[in-house]
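Participant: Sequence:
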Amino acid sequence: MEPEALQSLLESVARGQVSPETALEKLKYLSFEPVEEFAKIDRHRQLRTGFPEVIWGPGKTPEQIAQIMKAMSQGSPVVMATRIEPAVAEHLEEQVPGLVYYPIARICALKTAESGASYDGVISILTAGTADLPVAEEAAVTAELCGFQVQRLWDVGVAGIHRLLSHRQVIDQADVLIVVAGMEGALPSVVAGMADCPVIAVPTSVGYGASFGGIAPLLTMLNSCAAGIGVVNIDNGFGAAILAGQILRIANKFKRNCRKL
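Under full-length UniProt numbering, the letters of the sequence shown match residues 1 to 261, in that order.
If you're looking for bench data, these hints aren't it; they were derived computationally from the structure. Quick caveat: nothing in here was measured; it's all calculated off a predicted structure. Honestly, I wouldn't trust all of these hints.
Listed next, the in silico PhoX-like pairs over lysine-lysine satisfying Cα-Cα at most 25 Å (straight line) [claimed, not checked]:
{"id": "1", "residue 1": "LYS111", "residue 2": "LYS40"}
{"id": "2", "residue 1": "LYS60", "residue 2": "LYS70"}
{"id": "3", "residue 1": "LYS70", "residue 2": "LYS40"}
{"id": "4", "residue 1": "LYS60", "residue 2": "LYS111"}
{"id": "5", "residue 1": "LYS60", "residue 2": "LYS40"}
{"id": "6", "residue 1": "LYS111", "residue 2": "LYS70"}
Across the chosen pairs, the derived CB separations fall in these ranges [to be verified]:
{"id": "7", "residue 1": "LEU222", "residue 2": "ALA159", "range": "38 to 48 Å"}
{"id": "8", "residue 1": "TRP56", "residue 2": "MET194", "range": "31 to 41 Å"}
{"id": "9", "residue 1": "SER12", "residue 2": "ASN223", "range": "24 to 34 Å"}
{"id": "10", "residue 1": "MET194", "residue 2": "LEU222", "range": "11 to 21 Å"}
{"id": "11", "residue 1": "ILE215", "residue 2": "ARG15", "range": "56 to 66 Å"}
{"id": "12", "residue 1": "CYS225", "residue 2": "ARG45", "range": "28 to 38 Å"}
{"id": "13", "residue 1": "THR61", "residue 2": "SER8", "range": "34 to 44 Å"}
{"id": "14", "residue 1": "CYS225", "residue 2": "ASP155", "range": "36 to 46 Å"}
{"id": "15", "residue 1": "ILE104", "residue 2": "ARG15", "range": "45 to 55 Å"}
{"id": "16", "residue 1": "ASN233", "residue 2": "THR130", "range": "20 to 30 Å"}
{"id": "17", "residue 1": "GLN173", "residue 2": "GLU37", "range": "29 to 39 Å"}
{"id": "18", "residue 1": "ARG45", "residue 2": "SER118", "range": "15 to 25 Å"}
Note that beta-carbon positions come from the ideal geometry of N, C-alpha and C, so glycine has one too.
Using the sequences plus the hints, can you model the full thing?
Facilitator: Now the structure itself:
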């Protein structure tokens, strides 16, 4: 339940428009709600962190994902499931009306209502190569579903640095940058040396054998000589988007508090 919905419910009880019994029924699963024996939905997640719980797709059957999505749709403006392969998405589309599938990002989403959440600020997402697109799109779609404005800039890796330099405005306009790279993972260092905002580096598992499935770019990013870089796990576009969102949410909160002074 969103904070606004909880506030509205409590005010309705205070005015006598909703009985305590009805309110109790609505609040019964406020902390968590079981879905049969295989899942417990964290209803408090959005109240605590600003973002609702998101479903990790791998390891779950399509039927389990569908049941969880249907349960989560009661009280959440957007329901997301990540790492959903096309065959699984086909099953889900049959079982969950209104489902939208983003094939490159491998995200299924269900918008149950128009969320009022929208935030000032721009998240710019850059990739070193086209092969990094699935991870980058996971970040982009996640950020957009959470209410953030996103700019995309693909295939601007260091092997052709002029491609990045010719789009300098994308870096200049960003409030947070997410930089996605495999191979040797040098792009975030270059971008951080040009940017005046936080840079979130995402190593991908793209590369030849000595990249060790993303370990090489991960170590490069962790050892960057450029300041202002935070690094998430290999292929974790979702985590990068949530971190970028938290940064912008705090910035928005700070602005609101300053206006009150």
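Participant: Please go over all the hints and tell whether each is borne out by the structure.
Facilitator: Checked hints:
no.: 1; hint: LYS111 to LYS40; result: holds, 21 Å
no.: 2; hint: LYS60 to LYS70; result: holds, 15 Å
no.: 3; hint: LYS70 to LYS40; result: holds, 13 Å
no.: 4; hint: LYS60 to LYS111; result: holds, 21 Å
no.: 5; hint: LYS60 to LYS40; result: holds, 14 Å
no.: 6; hint: LYS111 to LYS70; result: holds, 11 Å
no.: 7; hint: LEU222 to ALA159: 38 to 48 Å; result: violated, 21 Å
no.: 8; hint: TRP56 to MET194: 31 to 41 Å; result: holds, 34 Å
no.: 9; hint: SER12 to ASN223: 24 to 34 Å; result: violated, 55 Å
no.: 10; hint: MET194 to LEU222: 11 to 21 Å; result: holds, 20 Å
no.: 11; hint: ILE215 to ARG15: 56 to 66 Å; result: holds, 59 Å
no.: 12; hint: CYS225 to ARG45: 28 to 38 Å; result: holds, 37 Å
no.: 13; hint: THR61 to SER8: 34 to 44 Å; result: holds, 36 Å
no.: 14; hint: CYS225 to ASP155: 36 to 46 Å; result: violated, 24 Å
no.: 15; hint: ILE104 to ARG15: 45 to 55 Å; result: holds, 48 Å
no.: 16; hint: ASN233 to THR130: 20 to 30 Å; result: holds, 22 Å
no.: 17; hint: GLN173 to GLU37: 29 to 39 Å; result: violated, 49 Å
no.: 18; hint: ARG45 to SER118: 15 to 25 Å; result: holds, 19 Å
The structure fails to meet hints 7, 9, 14 and 17 from the earlier list, while all remaining hints are met.
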